[in-house]
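*Asks:* Spelled out, the chains give:
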Amino acid sequence: MDNTVFTLLPLMILVGFSLLVLVADMMLAREQRPALGIVALIGVIVSLISCSWLWNAPQTAWSDMIVSDHFALFSYIIFLVSTGLTLLLSMRYLSEEDIQFGEYYALLLLAATGAMLMASGLDLMTIFIGLEILSISVYILAGFARRNERSLESALKYFLLGAFATGFFLYGIAMVYGATGTTNIKVISQVVSEGTIRSQSFLWIGIALLVAGFGFKVALFPFHVWTPDVYEGAPTSVTAFMSTAVKAAGFAAFGRVFLSALQPMHADWTGILWILAVFTMFFGNITAIAQRSVKRMLAYSSIAHAGYMLIAIIAGDANLSSGSLLFYLLGYAFTNVAAFGIVIYLSRKGETEFDGKDYAGLAIRHPWLAFVMAVCMVSLAGIPPTAGFMGKFYIFSAAIKAKFYWLAVLGVINSVISVYYYLRVIFVMYFEKPAADYVHGTLSLGMKIVLILSVIGIFQLGTVPGSVMALLQNSMMVFQ
Amino acid sequence: MVEYLPILVMFAIAIAMAVVILVLTHLLGPRQDDPVKLSMYESGVNPAQDSKVRFSVKFYLVAILFVLFDIEVVFLYPWAVTYKTLLSSLGWLMFWQMFIFVAVLLVGFGYVWKKGGLQWD
Amino acid sequence: MEYALFFAFSLVAIVSGIMVITQKNAVYSGLYLLLTFFCLAALYILLHAEFVAVVQIAVYAGAIMVLFLFVIMLLNLRFESDSFAPPLPRMIGIGVGLLFAVQFVWIGLGGMGAAAERNIPEGTTAALGMELFTKYIVPFEAAGVLLLVAMLGAVYLAKRKHN
Numbered sequence: 028m029d030n031t032v033f034t035l036l037p038l039m040i041l042v043g044f045s046l047l048v049l050v051a052d053m054m055l056a057r058e059q060r061p062a063l064g065i066v067a068l069i070g071v072i073v074s075l076i077s078c079s080w081l082w083n084a085p086q087t088a089w090s091d092m093i094v095s096d097h098f099a100l101f102s103y104i105i106f107l108v109s110t111g112l113t114l115l116l117s118m119r120y121l122s123e124e125d126i127q128f129g130e131y132y133a134l135l136l137l138a139a140t141g142a143m144l145m146a147s148g149l150d151l152m153t154i155f156i157g158l159e160i161l162s163i164s165v166y167i168l169a170g171f172a173r174r175n176e177r178s179l180e181s182a183l184k185y186f187l188l189g190a191f192a193t194g195f196f197l198y199g200i201a202m203v204y205g206a207t208g209t210t211n212i213k214v215i216s217q218v219v220s221e222g223t224i225r226s227q228s229f230l231w232i233g234i235a236l237l238v239a240g241f242g243f244k245v246a247l248f249p250f251h252v253w254t255p256d257v258y259e260g261a262p263t264s265v266t267a268f269m270s271t272a273v274k275a276a277g278f279a280a281f282g283r284v285f286l287s288a289l290q291p292m293h294a295d296w297t298g299i300l301w302i303l304a305v306f307t308m309f310f311g312n313i314t315a316i317a318q319r320s321v322k323r324m325l326a327y328s329s330i331a332h333a334g335y336m337l338i339a340i341i342a343g344d345a346n347l348s349s350g351s352l353l354f355y356l357l358g359y360a361f362t363n364v365a366a367f368g369i370v371i372y373l374s375r376k377g378e379t380e381f382d383g384k385d386y387a388g389l390a391i392r393h394p395w396l397a398f399v400m401a402v403c404m405v406s407l408a409g410i411p412p413t414a415g416f417m418g419k420f421y422i423f424s425a426a427i428k429a430k431f432y433w434l435a436v437l438g439v440i441n442s443v444i445s446v447y448y449y450l451r452v453i454f455v456m457y458f459e460k461p462a463a464d465y466v467h468g469t470l471s472l473g474m475k476i477v478l479i480l481s482v483i484g485i486f487q488l489g490t491v492p493g494s495v496m497a498l499l500q501n502s503m504m505v506f507q
Numbered sequence: 040m041v042e043y044l045p046i047l048v049m050f051a052i053a054i055a056m057a058v059v060i061l062v063l064t065h066l067l068g069p070r071q072d073d074p075v076k077l078s079m080y081e082s083g084v085n086p087a088q089d090s091k092v093r094f095s096v097k098f099y100l101v102a103i104l105f106v107l108f109d110i111e112v113v114f115l116y117p118w119a120v121t122y123k124t125l126l127s128s129l130g131w132l133m134f135w136q137m138f139i140f141v142a143v144l145l146v147g148f149g150y151v152w153k154k155g156g157l158q159w160d
Numbered sequence: 024m025e026y027a028l029f030f031a032f033s034l035v036a037i038v039s040g041i042m043v044i045t046q047k048n049a050v051y052s053g054l055y056l057l058l059t060f061f062c063l064a065a066l067y068i069l070l071h072a073e074f075v076a077v078v079q080i081a082v083y084a085g086a087i088m089v090l091f092l093f094v095i096m097l098l099n100l101r102f103e104s105d106s107f108a109p110p111l112p113r114m115i116g117i118g119v120g121l122l123f124a125v126q127f128v129w130i131g132l133g134g135m136g137a138a139a140e141r142n143i144p145e146g147t148t149a150a151l152g153m154e155l156f157t158k159y160i161v162p163f164e165a166a167g168v169l170l171l172v173a174m175l176g177a178v179y180l181a182k183r184k185h186n
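Residue numbers (our numbering), protein chains in the order written: chain H, 28 to 507; chain R, 40 to 160; chain P, 24 to 186.
If you're looking for bench data, these hints aren't it; they were derived computationally from the structure.
Please read all numbers here as calculations on a predicted model, not as lab measurements.
Note that CB positions come from ideal geometry on N, CA and C, so glycine has one too.
Any given hint could turn out to be false.
[As the list claims (entries may be wrong)] Not everything, but these chain P residues come out facing chain H in the computed CB check (under 7 Å):
no. : residue
1   : 161
2   : 175
3   : 179
4   : 181
[What the hints assert, rightly or not] Sample of chain P residues at the chain H side, in silico, Cβ under 7 Å:
no. : residue
5   : 130
6   : 162
7   : 165
Generate coordinates for the entire structure from the input sequences, incorporating the hints supplied.
*Replies:* In structure tokens form, the structure reads like this:
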């Protein structure tokens, strides 16, 4: 057996552990179930180790269905970080919500597997099946609180719109196949650059449909309508996963298709994406200002961040763009999971409103918690020395290098707008009086680990970004 | 393509038969409708409620599990057809690829069974 | 002959597709959907995709159709609830749909001749199996995982008592 078989090792490990979780779930008594979270966590860690083991030998494998270049492996790391942190958040949260079922952990691992297939797929078929595994797992997870009508509503909305988007995506694949005669990304790139396309107009329809499909998954402007309701209704730990891992998977596949397969047509597709990016940023940021609920505000902020990330793809240089995109996604994963963790902790007592008693005076009641939340908000706003700042810095400089000056300027303007609503959270925490009747809860061990790791991650990426960026040199294998 | 012609002819005859019989009964049969004749017949008792009742979600669960295992069989079929041909080039790998596929679904089957997905109540 | 059949089946497929969404009785919609499925199967045969055609009949016209009817009966739709959307959004929806259709036909006609492929690969079960178990082995195994996910979701969400 040659070693190309092992390119799928991180995925095999996750599938294996999810099966283990399912089998163990059938044997364990109800009160032992949080232990399944630990099993899943071990799976994530083992999978991470296997990623580092694969790092030094980027290659294509499995009859060109899979590529394990640094782009794919680094995306794996982002998904695994996000999955691991979500698992740590979930163990106690599920018990409190009375939804402590083993399926949750198995589905999280399977969703991460689907995300990995999307990032490493070198064929549109692989990417499509990865997208399906990820999407269906997350539809179920969004409705995981079966007794909660809002959770079920969010699952139904996500499922109906998501099924439509998947249809668009599949139709796009068919059109690209009709135009180029192949679904392989390597060959599409060759065919497009040699200009031996059978039908230019089919390719155009295909690209438009692919943009719609990806646009839905990553919540770009005209395809974003599901985002606030789904993010708000889903169990908060699932929202944390959706806003980080699912978004990262969408962008990884988006990047792979547009920066590799369709890179030779770069000049043709930038126009439409330019418009989408600008609308997405302005829409996300301006509506986020009007939100009263922190969970909803974070949903709109995640739309805005999709706009920033799209700038990286528009810049269009395979290495520069993919490097800055992945860096941004990793920083965003740390920041958002921690922010949603704090939302979980505080919303236990009921509301998640700004003006509710939950956030007011948090700095006095829980100085450390308030500090972590402040760090997250600062990072999301893109203020140094945090991961969010460096991420934006890399993305905007990639845009400037590719001569998209206006896009970079509009991106910076949007960052400034976003400072307003992120800092309002900090203001409420530090300068408003706490409610008198507030009852302290305790932080679970998992939550503490999440918050500590996230703060370390945010500052590490924000202060010494070079070490990570060095890993992302020539991240994407380019085939020409 | 020609080998499918009999199927097409059969379809055409079947549709023609159905249409002809319907048209003939409509034209030839006497029709004298009155409200009593058109009302529902429940052994001579006045009907208590609409005959359309809401189905339980249990039917749906059975149907979707059937679809899932049906698709599994759809994959088994080309595997069985090509088994001998590919055995010479792939060897035992040919066996293991299907083994892994079925094993993953077997865990799913065990899960469905254990969680009572196959029980009516 | 092939072209005549293609246009005949396409026409029936499109007309019955329109009937699916315009019928007031949901069960009739389901039956028209069945007709659409059969026409699609015929089109697959015309494209030399025999295996897909058989699967279309067995899985779609068989199993998926049953699922549709169960869902219709589960929701217990009445004749009166004929329209899901109020008139204005419905008109806008139809308008946007027509716009897309015209656009697609217009662009598609431009590329029709060029994209036509003459040497159509064989679509028999054996030919499909040869591809599936050599080249497309990763998507195949992934499809197994996908089915597992669907199983988990169906049982978890639809089973009333959960322990």
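*Asks:* So, as I understand it, the hint says residue 181(P) touches chain H; can you test that by seeing if any CB pair is closer than 7 Å?
*Replies:* For residue 181(P), the interface hint is violated, since the closest Cβ of chain H sits about 10 Å away, which is over 7 Å.
*Asks:* Is the interface hint for residue 162(P) satisfied, with its Cβ closer than 7 Å to some Cβ of chain H?
*Replies:* Holds, because the Cβ-Cβ distance from residue 162(P) to chain H comes to roughly 5 Å (cut-off 7 Å).
*Asks:* Under the criterion of a CB-CB separation shorter than 7 Å, is residue 161(P) in contact with chain H as hinted?
*Replies:* It holds, given that the least Cβ distance between residue 161(P) and chain H is near 4 Å, below 7 Å.
*Asks:* Once the shortest beta carbon distance from residue 179(P) to chain H is found, is it less than 7 Å?
*Replies:* 5 Å, holds
*Asks:* Hint check: is the beta carbon of residue 175(P) less than 7 Å from a beta carbon of chain H?
*Replies:* Holds, because the Cβ-Cβ distance from residue 175(P) to chain H comes to roughly 5 Å (cut-off 7 Å).
*Asks:* Are residue 130(P) and chain H close enough, Cβ to Cβ, to be under 7 Å, as the hint says?
*Replies:* Where the cut-off is 7 Å and the nearest Cβ of chain H is about 4 Å from residue 130(P), the hint holds.
*Asks:* Using Cβ atoms only, decide whether residue 165(P) comes closer than 7 Å to chain H, and label the hint accordingly.
*Replies:* 4 Å, holds
Figure legend: structure checked against the earlier numbered hints; the only hint not met is number 4.
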